[in-house]
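> Chain by chain, the residues:
2 protein chains.
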Amino acid sequence: MTDIVQPSTLPGFMELLPEDQRVFNRMKDIIRKNYEEKGFLPIDTPVLEKQEVLLAKGGGETEKQIYAFKKGNTDLAMRFDLTVPLARYVAQHYSDLSFPFRRYHIGKVYRGERAQKGRFREFYQCDIDIIGNGKLSLFNDGEIPSIIESTFMDLGFSDFTIHINNRKILNGFYRSLGIDDSTEVLRIVDKLDKIGLEAVKEELQALGLSDASVSAIADFIAIDGTTQEVFEALRALPVEEAEFSEGVAELEAVFDIAYALGVKKEHIKPDMKIARGLDYYTGTVYETILDKYPSIGSVCSGGRYDNLAAHYTKQSLPGVGISIGLSRLYYQLNEAGLLDDFTDSALDVLILPFEETKRESLALLKTLRDAGICAGYYGESGKMGKKFKYADQLRVPYCIVVGLSEIESGAVTLRDMENGKEERLSPDALVEYLRDKKRD
Amino acid sequence: MTDIVQPSTLPGFMELLPEDQRVFNRMKDIIRKNYEEKGFLPIDTPVLEKQEVLLAKGGGETEKQIYAFKKGNTDLAMRFDLTVPLARYVAQHYSDLSFPFRRYHIGKVYRGERAQKGRFREFYQCDIDIIGNGKLSLFNDGEIPSIIESTFMDLGFSDFTIHINNRKILNGFYRSLGIDDSTEVLRIVDKLDKIGLEAVKEELQALGLSDASVSAIADFIAIDGTTQEVFEALRALPVEEAEFSEGVAELEAVFDIAYALGVKKEHIKPDMKIARGLDYYTGTVYETILDKYPSIGSVCSGGRYDNLAAHYTKQSLPGVGISIGLSRLYYQLNEAGLLDDFTDSALDVLILPFEETKRESLALLKTLRDAGICAGYYGESGKMGKKFKYADQLRVPYCIVVGLSEIESGAVTLRDMENGKEERLSPDALVEYLRDKKRD
Chain A
9 MTDIVQPSTL
19 PGFMELLPED
29 QRVFNRMKDI
39 IRKNYEEKGF
49 LPIDTPVLEK
59 QEVLLAKGGG
69 ETEKQIYAFK
79 KGNTDLAMRF
89 DLTVPLARYV
99 AQHYSDLSFP
109 FRRYHIGKVY
119 RGERAQKGRF
129 REFYQCDIDI
139 IGNGKLSLFN
149 DGEIPSIIES
159 TFMDLGFSDF
169 TIHINNRKIL
179 NGFYRSLGID
189 DSTEVLRIVD
199 KLDKIGLEAV
209 KEELQALGLS
219 DASVSAIADF
229 IAIDGTTQEV
239 FEALRALPVE
249 EAEFSEGVAE
259 LEAVFDIAYA
269 LGVKKEHIKP
279 DMKIARGLDY
289 YTGTVYETIL
299 DKYPSIGSVC
309 SGGRYDNLAA
319 HYTKQSLPGV
329 GISIGLSRLY
339 YQLNEAGLLD
349 DFTDSALDVL
359 ILPFEETKRE
369 SLALLKTLRD
379 AGICAGYYGE
389 SGKMGKKFKY
399 ADQLRVPYCI
409 VVGLSEIESG
419 AVTLRDMENG
429 KEERLSPDAL
439 VEYLRDKKRD
Chain B
9 MTDIVQPSTL
19 PGFMELLPED
29 QRVFNRMKDI
39 IRKNYEEKGF
49 LPIDTPVLEK
59 QEVLLAKGGG
69 ETEKQIYAFK
79 KGNTDLAMRF
89 DLTVPLARYV
99 AQHYSDLSFP
109 FRRYHIGKVY
119 RGERAQKGRF
129 REFYQCDIDI
139 IGNGKLSLFN
149 DGEIPSIIES
159 TFMDLGFSDF
169 TIHINNRKIL
179 NGFYRSLGID
189 DSTEVLRIVD
199 KLDKIGLEAV
209 KEELQALGLS
219 DASVSAIADF
229 IAIDGTTQEV
239 FEALRALPVE
249 EAEFSEGVAE
259 LEAVFDIAYA
269 LGVKKEHIKP
279 DMKIARGLDY
289 YTGTVYETIL
299 DKYPSIGSVC
309 SGGRYDNLAA
319 HYTKQSLPGV
329 GISIGLSRLY
339 YQLNEAGLLD
349 DFTDSALDVL
359 ILPFEETKRE
369 SLALLKTLRD
379 AGICAGYYGE
389 SGKMGKKFKY
399 ADQLRVPYCI
409 VVGLSEIESG
419 AVTLRDMENG
429 KEERLSPDAL
439 VEYLRDKKRD
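Going down the list, the sequences are from chains A and B. All letters in the first sequence, in the order written, are residues 9 to 448 by the working numbering. All letters in the second sequence, in the order written, are residues 9 to 448 by the working numbering.
Because the hints were derived from the structure by calculation, they are not lab data. Heads up, some of the hints might be wrong.
It does not matter which identical chain is meant; a pair holds if it fits inside one copy or across any two.
List of simulated lysine to aspartate or glutamate pairs, DMTMM-like, C-alpha gap at most 20 Å [said to hold, decoys possible]:
| # | residue 1 | residue 2 |
| --- | --- | --- |
| 1 | K72 | D83 |
| 2 | K273 | E260 |
| 3 | K36 | E121 |
| 4 | K78 | D279 |
| 5 | K125 | E363 |
| 6 | K41 | D83 |
| 7 | K36 | D52 |
| 8 | K391 | D444 |
| 9 | K391 | E240 |
| 10 | K446 | E45 |
| 11 | K209 | D189 |
| 12 | K41 | D378 |
| 13 | K281 | E260 |
Model, not experiment: these values are computed from the prediction.
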């Protein structure tokens, strides 16, 4: 007698039933298609890397969360994002790549975070980045919103807003108030939606900022209106910093390019409140909000950085990129009931043979498959009721019953599983009928 | 100054350049498409599992190769195949699945093997299995060759042979010679291609088998000819074991079903020499050989087993399945130069704008993308020669030059990158032309 081990997965690791996995995969396919249609090249790096490579940057929260271990004499770690592997990849294969290097990467990453609802320790990231050799034009920053737009439209969303800002605007603005390190200010401003303007102002005052500075910040983050109005308001600000003007010019250029590529006005918005992280981004930054589900937070974020791979090469490699956290996005959309319509059947039709009609049923299976129809075959013995139940469980839209009387008449019975209607069709008519349905 | 860490991957971990990754992904897509068209459902289990779960079976070579470690108080391990996770999955989700459960799984697995050419420590497996609840009809064993056939045809192969046997034939035959445990005999027979018949006979004699037994084995594994001839030869053998007859009947049924599903005669072959592993399979077994490259070994193998998940549940779950080791297959085909024709461009066309024609070039990019053409845009500054070089490196088939004179004339220049020919086309004619090329 074999000892039974309780079959279970680790806490915080997502695992889906097949019908949900089909929905998940469809979302993944849509993202990939959009990335490929824009000419991004795939890479697929190892999940396991040398610890010294993955942790070259070192320090921070990440190091505590990482799955790291020793095998033999080698210190190993599982990747915790796709950006560090990209940096290593570009540095390592530098001479074999063509720049600007446009790559997409869809893969699993690992973080041993404290387990909580909607947070996973293994999750998919879907990233694109464009890496320049020494320099990289703003065209790429302007193209990104068009990629986000087409991807989320294809995912079935029409109401979303890509909030765009530029770190140079923030650096210049806050420096004009005498704030050289804006880290703390940005952290507080980031809480605006959660805690409200008054609480933000109180926290800024608690930092020791003057009333005038707090008031200037409040006005700055309140800048709103059409894109044109926002840029007019920014230009009207009494900020002398060159970096500020540079940031405003860059942000305007990004909007110009995005509009030229057909991005809809309602899908992009300059937003002085967003900053994305604290030390990585140096120019354009993006956050994407589903208008009807703001509580989900940003579903696609990223930005421009000066130097991708400083830890692995002396080459200067500026880039711009975005990431979709697919596992979390799937989880949240599913919780919100937004994926219910996505569920479908893997099969176009299921053949239910009788013992006496096996040969004819197999021939029909071959005919349908040759015709490009995704046909299944219930090869197990059992009563017809059990076979129909199986078809129902798989949500198969049609079943074909091949009985002796059907064979004698040269036709088979096609049953519409939704309404129970049956009709008799010749094999040719059947192929035609199912092909039409497939095209619908 | 940042310290530079040498960018490198771990030995034994495959990492491809983007153009090779596209070829690899195309192969993966073809396999997935074939699995999905036959109605298999996707699953995607965690790469990391509880050690006690993954090692429930215990023992053997596997345990030494596994990547196992502790995080906090939990013993973890990375999966080393997709079969153990399938067993755990089916046992865990038993009540939510419909049987026969047809699943495909394409994912990475991990084995810390001794590094050697063409062996990888991280590699893709592409598996299908059909799991029955208590029993599973032979239809499934007979369907498998049709899936292997369509997959390898789509991968571009026409000359391959699926060698099929049945473990019951082997058990019955060897028991009839008084060999109750045929493990050692099968291990020796498996070396036939490598060491030749005489050496096999010598090794069998060294096991202590009688001359008569050795001679009977030599005759048995030499059985060859058409499928019909093989079955006639098998039936003519003086073997009384019931298991032997059962195996022969099963094997014949498998061939009947495969033929009924249209599998070509030259693609399947009964072969008394193959056994696939030593304790797992209990019925049909498959090995697939590329006729022109036998040294690659089996590129797709599998078989029938009595009980998938004995370590996780008391339910009896018989199944049949196959696996393609994609990383190894890719590596070997690439080494043999068989993938050179697969390399292609991610882009249909690349737009090369001048500084003064940016606006018109962006408009053209939008037009082409809206028309479903995979168009790129070289947004960096630089001389035209550098831009064409980039297009060449990416193997882009066409470039569009948008100069001032082009804009004045209302047409753009399309350059065929293969022969350098250029022609002037209006945007409408351009869309038409590139769409036609895409369809080719």
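> Taking the hints in turn, state whether each one holds.
Hints, verified against the model:
1. K72 x D83: Intra 15 Å, inter 17 Å, cutoff 20 Å: intra and inter.
2. K273 x E260: Cα proximity of K273 and E260: one copy only (14 Å, versus 67 Å across).
3. K36 x E121: This pair counts as neither: shortest intra-copy Cα distance 24 Å, inter-copy 32 Å.
4. K78 x D279: neither (45 Å within a copy, 44 Å between copies)
5. K125 x E363: Answer is neither; intra-copy 49 Å and inter-copy 50 Å both fail.
6. K41 x D83: Neither: 36 Å inside a chain and 38 Å across chains, both beyond 20 Å.
7. K36 x D52: both (15 Å within a copy, 13 Å between copies)
8. K391 x D444: neither (30 Å within a copy, 52 Å between copies)
9. K391 x E240: So K391 and E240 fail the 20 Å test inside a copy (75 Å) and across (36 Å) alike.
10. K446 x E45: This pair counts as between: shortest inter-copy Cα distance 13 Å, intra-copy 24 Å.
11. K209 x D189: within (18 Å within a copy, 81 Å between copies)
12. K41 x D378: So K41 and D378 pass the 20 Å test across copies only (14 Å; inside, 27 Å).
13. K281 x E260: Answer is within: at 17 Å inside a copy they meet the 20 Å cutoff, but 72 Å across does not.
Checked against the numbered hints above, the structure violates hints 3, 4, 5, 6, 8 and 9; every other hint is satisfied.
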